[in-house]
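Novice: Below are the chains, spelled out letter by letter.
Protein chains: 4
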Amino acid sequence: MTYGAALLETHPDVTAELDLKPLVAAIDATLDCAQACSTCASACLAGKSVADLRPCIRTDLACADICAATARVLSRQPIDDLATVRALLEAGVAVCAVCAEECESHAAMHEHCRICAEACRRCEQACRDLLGTMT
Amino acid sequence: MTYGAALLETHPDVTAELDLKPLVAAIDATLDCAQACSTCASACLAGKSVADLRPCIRTDLACADICAATARVLSRQPIDDLATVRALLEAGVAVCAVCAEECESHAAMHEHCRICAEACRRCEQACRDLLGTMT
Amino acid sequence: MTYGAALLETHPDVTAELDLKPLVAAIDATLDCAQACSTCASACLAGKSVADLRPCIRTDLACADICAATARVLSRQPIDDLATVRALLEAGVAVCAVCAEECESHAAMHEHCRICAEACRRCEQACRDLLGTMT
Amino acid sequence: MTYGAALLETHPDVTAELDLKPLVAAIDATLDCAQACSTCASACLAGKSVADLRPCIRTDLACADICAATARVLSRQPIDDLATVRALLEAGVAVCAVCAEECESHAAMHEHCRICAEACRRCEQACRDLLGTMT
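Protein chains in written order, with the working numbering: chain L, 1291 to 1425; chain G, 1291 to 1425; chain U, 1291 to 1425; chain F, 1291 to 1425.
Bound-form chain L, shown alone (with noise of 0.2 Å):
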């Protein structure tokens, strides 16, 4: 059991329109985004092709600066505004998407591209699934 997922078990006042489950999925998964985001930026940066993947740098540092945004404000409960919380996951799913599609398109050169990817995928998911239950 993550950290997230502990305390917000223990939290005494947890919003009630959000189900647990989905909601400490989505914090998970935009934590894990975030750093996976970072260390590609970083990788990115470090390797050969640099001037190639600018575009694939300052998406993983946009990735990252949300994600790791929407991890703080979902983890804030109770949530007083749900139309602060749905933006936001929109702007997640957007920038997970476009990050996820960048890094894919030279996973095959880049492990560390295609590791990212991945996490971005499954954020993108987590914050759909969980704007799925808001509705």
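No wet-lab data here; the hints were simulated from the structure.
Note that this is a predicted model, so its numbers are computed, not measured.
It is possible that some hints are incorrect.
[Stated by the list, open to error] A few chain U residues facing chain L, derived, Cβ under 8 Å:
1) LEU1298
2) HIS1301
3) LEU1321
4) ALA1336
[To be verified] FRET-style restraints, in silico, Cβ to Cβ:
5) U/ALA1341 / F/GLU1307: 21 to 27 Å
6) U/ASP1309 / F/THR1292: 39 to 45 Å
7) U/ALA1295 / L/LYS1338: 21 to 27 Å
8) F/MET1399 / G/ASP1342: 52 to 58 Å
9) L/GLU1307 / G/MET1424: 29 to 35 Å
10) L/THR1425 / F/ALA1398: 52 to 58 Å
Note that beta-carbon positions come from the ideal geometry of N, C-alpha and C, so glycine has one too.
Once you have looked at the hints, place chains G, U and F on chain L.
Specialist: For chains G, U and F alone, kept in the frame of chain L given last:
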């Protein structure tokens, strides 16, 4: 002139689809708002009415996280995916509006809330203005 | 295997002065600790004893900020300046020790504090271990 | 007057051990420096010399992360543990000095590096000044 403006003016490759003036205004406003919200949260937490101000503290912290991430994403040029920026600006508009309303509701009693509400309204407008140039 | 570990193993240029095992352990521990502290702050804020738990909330938030920054800096390889990393790890050790002590002092009453104290102690040790390999 | 200053002046409980003036100066300088470094990293990445500027990009990103965390920790009042703040300010001094030196070394060629070096030097000094009042 702020560092945001000065540096973007020397940047070799700013997204052509974005006008520099509303872009710099949005960066400055999100940075100011993040700082106003962080300090307002701290002031609300330290005062006598902490139990009543809990929704204000949570909204301040969410607004600070989202605005800080938005400032970073907007400062990273060129922007590779306008859809992500659009969704993130929508989240910024949403959280700034809620935070402004919350802070305005006790601005008469807490000067830090009055000032923070002002920063949130200015940021909400700056995000709307930039969104307006992107359609 | 965490994404931190997987990606660093595929990174083209990790600082030679750092052993991969304690480096990955420190990255994982700072990420876990940041998440534990964010949720503990939220739980402390939401509960009945909020007025008494204010130092715990502030220390949780400081620990989350410092650990999140440390995870990012450690994940960005190669590291160009070990003196900065050393100072940042010292800050991590300091804030984790204070946050652990604070949380331990009411671990009997608040399960989220007990779990958070555990994450802080583990992170304090991981930062010390990495510092130990750097001298 | 910045939002940092305005809000701290309305804060009900600022740490007595810290003078407000160097505290506010350090908050403002770390915020400016974080923003300068984020944009400088983006400009270095976008330009023709990206391969040569990799150490500059990495140091910019580290400086942005550490300064942003420092601004947040300093803005959260009262401060419960001065030892943590001292260690964090030491990390700020270290990373600002390195980043300034790095940016100065190619300031003649890149205007964004010249401006960023200036922000780093000012921040290094503001952190030193605040440290000087804490002993």
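Novice: Is 21 to 27 Å respected by the C-beta to C-beta distance linking U/ALA1341 and F/GLU1307?
Specialist: 23 Å, holds
Novice: State, for the Cβ atoms of L/THR1425 and F/ALA1398, whether the hinted interval 52 to 58 Å holds or is violated.
Specialist: 57 Å Cβ-Cβ, so the 52 to 58 Å window holds.
Novice: Is the hint on U/HIS1301 kept, meaning its closest Cβ partner in chain L is under 8 Å away?
Specialist: 4 Å, holds
Novice: Less than 8 Å between beta-carbons is the criterion; does U/LEU1321 satisfy it with respect to chain L?
Specialist: 6 Å, holds
Novice: Taking the closest Cβ pair, is U/ALA1336 under 8 Å from chain L?
Specialist: 4 Å, holds
Novice: Does the Cβ distance between L/GLU1307 and G/MET1424 fall inside 29 to 35 Å?
Specialist: Once the Cβ atoms are compared, 31 Å apart, the range 29 to 35 Å for G/MET1424 and L/GLU1307 holds.
Novice: Does the beta carbon distance between U/ALA1295 and L/LYS1338 stay inside 21 to 27 Å, or does it fall outside?
Specialist: 23 Å, holds
Novice: Falls inside 39 to 45 Å, the C-beta gap from U/ASP1309 to F/THR1292?
Specialist: Holds - the Cβ-Cβ distance for U/ASP1309 and F/THR1292, about 43 Å, lies within 39 to 45 Å.
Novice: Starting from the range 52 to 58 Å, see whether the pair F/MET1399 and G/ASP1342 falls in it by beta-carbon distance.
Specialist: This hint holds: roughly 56 Å between Cβ atoms.
Novice: Does U/LEU1298 pass the interface check with chain L, least Cβ-Cβ distance below 8 Å?
Specialist: With a minimum Cβ separation of about 6 Å from chain L (threshold 8 Å), the hint on U/LEU1298 holds.
In this structure, every one of the numbered hints holds.
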